[in-house]
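My request is simple: use the sequences and hints to build the entire structure.
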Amino acid sequence: MKLLTKLSGEILYVLVYSLIYLVRALPYRIAIGIGRFFGILAWISLPLHRRISQMQIHHALEGVNPWMMTLKVFMHQGDIFMDSVRFAFMKDADLKKRILIEGREHIESALASERGVMMITGHLNWEILGHIPRVLGFTFSIMGDIIKNPKIQSIVEDIRSRYGFTLLPPKGGMMSLITDELLSGRTIGIVIDQRGKRENKVFCNVFGMPAPTNPAPALMALRGDALIQPVSAIKKGDTYLFRFEKTIDSRDFGDDYKQVETLNDCWKSSAVKTLTQLMQSWISTYVKRCPQQYFWLHSRWLRRSDMKRLIRSGGDFTDSVRIQKEHYLNEG
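To convert, note that position 120 of the sequence shown is 120 in the working numbering; the numbers rise steadily by one, no gaps.
Source of the hints: derived by calculation from the structure; they are not laboratory data. Be careful, since some hints might not be right.
Listed below are the simulated DSS-like cross-link pairs for lysine-lysine, each with C-alpha atoms no more than 30 Å apart in a straight line [said to hold, decoys possible]:
#1 258 with 288
#2 235 with 96
#3 236 with 96
#4 288 with 97
#5 236 with 197
#6 235 with 288
#7 288 with 236
#8 197 with 97
Label-pair distances were calculated between CB atoms; the ranges are [claimed, not checked]:
#9 26 with 58: 34 to 40 Å
#10 65 with 19: 18 to 24 Å
#11 274 with 25: 21 to 27 Å
#12 169 with 246: 29 to 35 Å
#13 45 with 327: 30 to 36 Å
#14 65 with 137: 18 to 24 Å
#15 308 with 112: 45 to 51 Å
#16 322 with 254: 26 to 32 Å
#17 176 with 205: 37 to 43 Å
#18 22 with 102: 20 to 26 Å
#19 168 with 19: 26 to 32 Å
#20 254 with 109: 21 to 27 Å
#21 112 with 65: 32 to 38 Å
Computed from a prediction, not measured in an experiment: that's the story for all the values here. No residue lacks a Cβ here, since even glycine has one placed at the ideal position from N, Cα and C.
Written out as structure tokens, the structure is:
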């Protein structure tokens, strides 16, 4: 069995390495076309993910065709894969021609403050934002997982090393580790539109519907006395626009977060809830501008298992979302 596992790992390594080589060698237009083709195949072959995306888009966005928008979302994942690989092996000078920057003064001012900086973004081309160090010349840290297959992990590490960011160990307490990084004046990057545990009782208005939201980013920013730097990436043609918004100061939200001992206490803090909502509202604004580039496959309002049951039963999505909030806020 161990020999079979090792052999399958070797085969997978060769396949992945060969795929990366092919993506790098192909002309860009052909590579993107192939990526979108496989996105269409995924749209056809993954009915649960397709229906989750359609249901969320239908209730979140007005005036769009959920069927067509979902197809575009899947196709865009092909763009992201191809661009992620090609950008990683691209020379810095060539990369800078493919990435445009707006709001540079905001991040430069934040870095000059010598306080910790939390760069926040959402499930909107976040993989490409990893190239910020190569484009702007400063580094930041993110949390990352370790893949069990050592061969595949070596490929992932090679690609990550080309991005320029620092990978924090995935174990050892995320909250304390990131908070300490911020208190030390360092810069970290984090995706903030994660569905939170319902037991945390932090629900944000996301496209007009209450979504259980992870309060950890806001709590870490507050505890770390951080400047919060929103940054988005939007693909336009063959280039990406990195836009840095006006910096948010965590000191502006009060200090009642100090009563919070665990994430389950976050609902008691006005500072945590207000900052968390502000973060989600910012992400929603950007999603409306280019909804086809958002990762709608991510089950934002309900757990994936709940979405699966809802789809099978033909239940009402908005009712389920509303009932979920009422149940957990009234609990206890």
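Verification of the supplied hints:
no. : hint                     : in the structure
1   : 258 with 288             : 35 Å, violated
2   : 235 with 96              : 14 Å, holds
3   : 236 with 96              : 15 Å, holds
4   : 288 with 97              : 26 Å, holds
5   : 236 with 197             : 35 Å, violated
6   : 235 with 288             : 14 Å, holds
7   : 288 with 236             : 15 Å, holds
8   : 197 with 97              : 41 Å, violated
9   : 26 with 58: 34 to 40 Å   : 36 Å, holds
10  : 65 with 19: 18 to 24 Å   : 32 Å, violated
11  : 274 with 25: 21 to 27 Å  : 50 Å, violated
12  : 169 with 246: 29 to 35 Å : 32 Å, holds
13  : 45 with 327: 30 to 36 Å  : 35 Å, holds
14  : 65 with 137: 18 to 24 Å  : 42 Å, violated
15  : 308 with 112: 45 to 51 Å : 48 Å, holds
16  : 322 with 254: 26 to 32 Å : 29 Å, holds
17  : 176 with 205: 37 to 43 Å : 30 Å, violated
18  : 22 with 102: 20 to 26 Å  : 33 Å, violated
19  : 168 with 19: 26 to 32 Å  : 28 Å, holds
20  : 254 with 109: 21 to 27 Å : 23 Å, holds
21  : 112 with 65: 32 to 38 Å  : 46 Å, violated
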